[in-house]
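K.L.:
Order-wise, the sequence lines are chains A and B. Note that the working numbering has the first sequence beginning at 11, numbered continuously upward. Note that the working numbering has the second sequence beginning at 103, numbered continuously upward.
Worth double-checking, as some hints may not be accurate.
Lysine-lysine pairs mimicking DSSO-like chemistry, simulated, CA-CA at most 27 Å apart [as the list claims (entries may be wrong)]:
no., chain 1, residue 1, chain 2, residue 2
1, B, 583, B, 573
2, A, 218, B, 468
3, B, 128, B, 198
4, B, 192, B, 586
5, B, 346, B, 315
6, A, 261, A, 276
7, B, 153, B, 198
8, B, 573, B, 537
9, A, 25, B, 441
10, A, 25, B, 461
11, B, 366, A, 218
12, B, 366, B, 552
13, B, 192, B, 583
14, B, 137, B, 198
15, B, 153, B, 138
16, B, 468, A, 98
17, A, 261, B, 137
18, B, 192, B, 137
19, B, 349, B, 415
20, B, 153, B, 537
21, B, 537, B, 461
22, B, 437, A, 25
23, A, 25, B, 468
24, B, 349, B, 441
Hint data in this document are derived by calculation from the structure and do not stem from the laboratory.
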Amino acid sequence: MNILVCFKAVPDLDKLIDEDWVIDEELQIDTGFLKPILNSYDEGALEIALALSDASESVGVSVELGALTIAGTRATPILKTLNALRFKRVVRIHSHDDFRFRPMAIASILTQYVLRHAPQEVLLLGRQTSIGENERTHLLLAEMLGWPCITQVTGIEPVDMNHLMVTSQADDGQLQQRIQTPCVLSIGDAPNTYLRVPTLIDRMRYGKRPIEILSSMDFHLADETEALMDLEVLIHERPGILIEGQTPEQKARELYEVHLKERLEKR
Amino acid sequence: METPFRSNRNVILTNAIKGEFQMSLKREQIVEALKKIVGEDGVITDQQVLKESSVDRFRRFEAYHGVYSLPLPAAVVYVNSTDAVAAVIKFANENKINVVPRTGHSATEGGLETVLENSIVVDGSNMNQIVDIDTYNMQATVQCGASLQALDDRLRDQGYITGHSPQSKPLAQLGGLVATRSIGQLSTLYGGIEDMVVGLEAVFPDGGITRIKNVPRRAAGPDIRHVIIGNEGALCYITEVTVKIFKYFPENNRFLGYTLENMKTGFEILREVMVNGYRPSVARLYDVEDGSYHFSHFAEDKCVLIFVAEGVKPIAEATAIAIDEIVTRYDECVKADPKLIERWFDHLNWDPANLAQEKTEIIETKNVCNTTEISANWGIIHDIYDVCIQRVRDEIPDLTLLGAHSSHSYLNGTNLYFVYFYNVVDCRPEEELAKYHLAIKKIIVEETIKAGGSMCHHHGVGKHRTHWIEKEYDSSYYILKTLKRAFDPNSIMNMGTIIPLESK
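Input sequences plus hints: build the corresponding full structure.
P.N.:
See below:
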């Protein structure tokens, strides 16, 4: 069973300080000085794929893992890590284009990769990324391929060469389904999805295996009906009051007397 | 694999069982007596609190898995005044009960572990007042539990800083920082905590309160501040600290970063900067592995050199220009965008949110990071680096990262901070330290002492480097042991810390 995890390396926006949230004329925010990290949902997808591969051995299902990103060279350290974790196929579709808010373009590239370059039975994607993504890539990809798509996936277990047991979050609870491949699975808030860490020995032995590099120029981009027109920094602020006092007891007293008592008595 | 650490712990427990360190009072009697001294509210006997208070960050992997293998303390006592500290310690001394002094609880070397039955953990974190900020005499006085972050924030509002900025700044408190001879990221300009402390107040085991006055210098015999600074709670309890403060000119800060091919060149550059008298606040050198953890976005497979020049504008500018001239003479060095360095520094420190994330990551991945810091003269530092990296790589299983950086340089040498991550494989939580961290520490400490360096640069000895303390001190161990005997004759102060338990 060929399983491909499509992931994105993103800047660690938690480390962007207020003064760096500057939008330039190209509608870009300079994040070049931040170390790229794995998009958290994609990290979950990669770890779930590895766990699925581990579990497949015991049920006699042969799994071949691949990982693919559309990115420039800044994603290379992450790709090397995936090599060290023994993903069989590690692919970078080279591009410096701006793919923010362009799920149609990304889905069309991924579709062509699967149809023309490397047939797959299962595609795993994180549900969304921290920049320029609106939670639609997996749906568009499934539509283009004509495959079913399960969203909010939190766990996958192997069944046989053509089926997976997929756990997902539904509105009314957890849903477990036996899914026939091929399928697109979108990983949601899955538990325990920090990516495992390869050993130094595996880094040396496998980390430097060649990365398959393709060019985005070789892919036809689907017609897009949307374009990024404007960006605005959203400032989420809530008013706060600093309570002064010499001791925690004094502060607690003021909190209660001045700010809470009246509200509590009204209830 | 030899595991002196396990046998060390066995000695501790065996001695406790034999009654060598046995106290005269039962657990309940200790708790009742403490309540009379500090009041009911100040004495905590909740089992979970006692478990968490039996360890520090050294045993965090065990703690994350709910495993607590050391004797639990009889109580954690929150003290609110120097007099309360004196009363508690006097009581402990009269009844030969082990006392573990604590403030921020961020120690990393086991110094806060309770290795004897029914110890009393004396927590000074409620003594958190900033007593005085004296901008004319350029010193600030704080109680032991004052947060370094709070002090520094208060000072910055007035245009000053402490100059002390360890990674634990959001967590650590002044008493603990002084007790462990802490050092901060700006040490190359401002010095370690020992260079900042002007005067102190401390409680010794007989309950006596000692104050060392705040003066610019003294030549009235030995500098007795150093009996207290770095005592790790093994001689006395620090209750108040006065430190120097410095004027703060963040607008003048100059950040410099370079990539280079090898550590030997990096050490040469650091040495050249220092011996020519330049004093950047930050001078750091990362090897390829450690650098990859922080800087892979601009320095893949490269070593990294970082400098920060600060102070008044002419000095900051001249320092930055001179350092840049030195570095650019080395062909292999390539300059990096200063913003890469500046933004990296913005997020270097650890706050409670980082600790919570680390806990989740460790539990999920079983991937643990630990460190060992040493120092040595310029002439031997690269040899120590080489042999330690080689031996650890060859001898320790399951490593996922092994690297080192130099982060504190001096006229005559520098430190090395070995950083190692490993996957915990095929062992129980309580076996993790012996299989990995202590086995690595053993290699680094033994190779460092053999070469002529110091086995501890800034974390303190704690309870797990005591095995080598005699070798560290050599003939001067006599002085250390005499200090312990003289100031703590009843062996009640944080036993097993600095000096091994069996050789009290």
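K.L.:
Against which earlier hints does the structure fall short, listed by number upward?
P.N.:
Structure breaks no hint.
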